[in-house]
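Asker: In the order they appear, the protein sequences are chains L and G.
FYI, the numbering for the first sequence is 1 to 265, going by our numbering.
FYI, the numbering for the second sequence is 266 to 699, going by our numbering.
Calculated directly from the structure, the hints in this document are not laboratory data.
Just so it is clear, CB atoms sit at the ideal spot from N, CA and C, and this is done for glycine as well.
Keep in mind that a hint or two might mislead.
Example chain G residues on the side facing chain L (calculated, C-beta under 10 Å, incomplete) [claimed, not checked]: (1) 417; (2) 480; (3) 482; (4) 531; (5) 534; (6) 663; (7) 670; (8) 681; (9) 684; (10) 686; (11) 690; (12) 697.
Listed here are the chains, written in short residue letters.
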Amino acid sequence: MNCFAGIDIGSTAIKIVIINEELEILGSKIAGSGSMFYKYAKENLELLLKEVDLKKENLKYIVSTGYGRKLFKEADETISEITANAIGARYAGKEFGTIRTIINLGGQDSKAISLDEEGNVVNFAMNDRCAAGTGKFLDVAAAKLEIGVEELGEYHFKSRGTPLPINSTCAVFAESEIISLLGNEHKVEDIVTGIHYSIAKRIIRLAKKVGLNDVIYFDGGPALNKGLVEAIEFELGRRLAIPKNPQITTALGAAILAKEAYEEL
Amino acid sequence: MQKEWGLKMTNRLRKMEDPKTRHRRHEAMEAVKILDSLKNDFKDNLESMSYFYDLYEKIYCKGEKLHFDKPTVGTMCIQVPYEIIYAADAVPVRLCNGFYTDEQLGGEFMPTKSCSLVKATLGMLSNKDIPAAQKLDLVIHPTTCDQKTKAISMIEDMGYEMYHLEFPRVKESEESREYWRRTIRKFTKDLQKELGVKINRKKVKESIKKVGKAQKIYHDLNELRKLKPSPILGKDMFLITNAFFFDDIEKWTEAVKRVYKEVKEKAKAKYNPAGKRSPRILYTGSPPIFPNLKLPMMIELADGIIVADESCSANRLLNDMVSVDEWFMYDMVDSIADRYLKGCTCPIFTQNEDRKRRLKELIIDYEVEGVVYQSFAGCQVYEMEQRSIAKEMESLGIPMLYVESDYSPAQGGQLSTRIEAFIESLKVRRRKKR
């Protein structure tokens with residue numbers, strides 16, 4: 001059986017997707033990227049192959065994407081995460097209609113991509129290096145509040161007050177804002193909602209730069225955070241389309257591209 | 266015990282470099298790194314380009330001195346008329362700088378939010394051992410952007426002799442034209458006094474021809490970039506134009522002639538230094554100055570090719586020639602003045618229709634498929650103008666990528682992702698058009 005792999009080596013996690021010729025997902029894996037991107041990517045690809053009961057020979061083409069894409073020497077091709085994200089989102093979000101706008105929050109960056117009717121990237125915007133409003137920001141905030149990052153959603157819905165404004169555009173300054181809010185005896189849940197709304201405002205500003213069209217799709221790890229999703233939807237005044245497994249869309253896009261590239265050979 | 270420690274300390278201090286030597290060493294390290302990448306990261310380099318690689322190595326890595334036999338005049342912007350300086354038997358050296366080392370140094374006494382180029386230029390000038398600053402008899406400063414204008418008094422405090430060239434901010438009016446002409450006439454007189462030389466008709470005529478020759482061969486070479494595939498990489502063109510900042514103009518002209526010959530020869534066989542499907546890019550905005558060529562290099566390493574540029578360190582520098590009707594002293598000086606005002610497409614002007622027009626022309630003539638617009642963080646004029654240029658590009662249906670950057674080498678990962686995604690989207694666009 002011919003199968004294809006897409007590997008998204010991000011700043012916080014490595015995502016691997018293996019698909020077959022019918023574009024069905026045979027298996028996927030998410031692992032921390034740690035400090036040795038290349039080693040972990042290789043190890044996890046081998047593990048995943050074992051899990052789905054496939055051999056290396058079955059893997060016809062591999063496309064890598066994400067920050068560490070160039071370090072993964074086994075890849076037949078590399079592609080930027082923006083293109084891969086667009087392809088993956090278009091496929092994973094079929095059920096929602098034609099996706100024209102993608103919002104993606106990653107470990108280190110936030111992106112907004114706008115697509116044309118055929119799904120090609122027309123325009124995109126990315127945060128300029130600083131980590132405000134990214135997954136990293138949620139990590140930092142959760143650590144300061146002494147809760148797990150996966151608990152943020154829960155806390156969001158506990159809040160009964162108005163969200164506390166977090167105004168800093170820098171992750172480090174925002175952390176000190178959180179500290180001073182804690183110092184003023186504000187509740188953790190109210191601070192959490194404040195964080196979510198501040199991220200929502202930032203990402204919407206970025207998305208407006210590329211234009212908001214039709215179905216707005218949201219993916220990346222932070223899309224699992226229901227509180228953040230609610231904040232973005234509230235600020236946007238519209239519903240978001242979120243796939244079942246929002247972390248792996250970019251890797252899926254890379255896998256689809258691997259299949260297409262293999263067929264073009 | 267105490268004594269021993271003290272002794273050890275003095276020995277260590279004695280071994281330590283003085284800050285000026287360290288500054289020079291850091292600059293050299295930066296230059297070596299970029300030169301290596303320019304030479305080795307691209308497939309078959311042009312043979313004739315070795316003149317330029319060697320030139321940069323001599324000046325920036327080995328610290329060789331510039332033009333020691335002639336009076337040297339530093340220039341702060343492209344509006345300084347080179348023809349007049351050559352007519353005064355002096356050599357112009359452009360001081361705009363691209364070193365991260367110098368940007369860091371300038372950051373010690375400049376506002377954090379100021380532009381990288383201005384910071385780096387002042388950082389460089391603060392150490393008089395640096396080649397470009399070694400022997401400056403005079404520094405000429407056209408009153409262009411606010412940051413440079415305010416930086417002047419700081420340069421003066423460093424002990425350089427400054428000359429202010431009053432530059433108008435509106436170029437469409439007859440008043441500004443007359444004002445600028447008067448500025449240049451006065452400058453011609455003052456320069457003679459400053460340098461103790463005589464500028465006459467013959468010398469001005471000669472220097473107009475000398476600069477004209479350099480422009481002519483540059484235009485010829487630039488013309489070759491219109492070919493499909495374009496036979497020369499943008500990174501080489503930037504190196505060539507950057508060398509015009511400080512090289513002997515006649516040697517420079519000869520070297521460009523050799524590049525032209527080689528490129529023309531290679532172009533006959535449809536030579537393509539880029540990839541098969543490389544999108545044709547127009548570069549504009551804040552000037553890439555050696556060694557800060559990171560953005561042009563990133564574009565071409567991501568499989569794009571820069572076929573045209575509109576920046577004051579490249580095309581804008583050599584774009585228009587002096588056109589003279591009558592070869593009398595005042596006619597020539599006025600014509601020179603006109604060239605530097607009317608042809609200038611600097612964003613400091615109140616209105617900038619001319620820059621839009623020039624960009625449009627370049628897009629059509631060079632069959633450009635995408636525009637990369639760089640603005641140094643802190644360079645307000647380019648940051649502000651970005652919006653109107655983006656609108657213009659949208660109306661033309663040309664995708665534009667706006668990048669805000671500085672001289673920091675740490676920006677690599679994210680920037681290259683953006684550049685790659687942009688190039689990928691241009692490739693898809695092209696496929697669809699077919």
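Asker: Now tell me, hint by hint, if it's right for this structure.
Answerer: Structure-based check of each hint:
With a least beta-carbon distance of about 30 Å to chain L, the hint placing residue 417(G) at the interface is violated under the 10 Å criterion. Restraint check, residue 480(G) versus chain L: the minimum CB separation of about 37 Å is more than 10 Å; hint violated. At a threshold of 10 Å, the smallest CB-CB gap from residue 482(G) to chain L is about 38 Å, leaving the interface hint violated. Interface restraint check: residue 531(G) against chain L, minimum CB-CB distance 29 Å, threshold 10 Å, status violated.
A cut of 10 Å between beta carbons decides the hint on residue 534(G): the least distance to chain L is about 28 Å, and the hint is violated. For residue 663(G), the interface hint is violated, since its Cβ never comes within 10 Å of a Cβ in chain L; the closest pair sits about 12 Å apart. Look at residue 670(G): its Cβ gets to within about 9 Å of chain L, closer than 10 Å, so that hint holds up. With a least beta-carbon distance of about 8 Å to chain L, the hint placing residue 681(G) at the interface is held under the 10 Å criterion.
Contact between residue 684(G) and chain L, as hinted, is supported at the beta carbon level, the nearest pair being about 8 Å apart and thus within 10 Å. Because the beta carbon of residue 686(G) sits about 3 Å from the nearest beta carbon in chain L, less than 10 Å, this interface hint is met. Against a cut-off of 10 Å between C-beta atoms, the interface hint on residue 690(G) holds, since the closest Cβ of chain L lies about 4 Å away. Hint on residue 697(G) holds. Least Cβ distance to chain L is approximately 7 Å, under the 10 Å limit.
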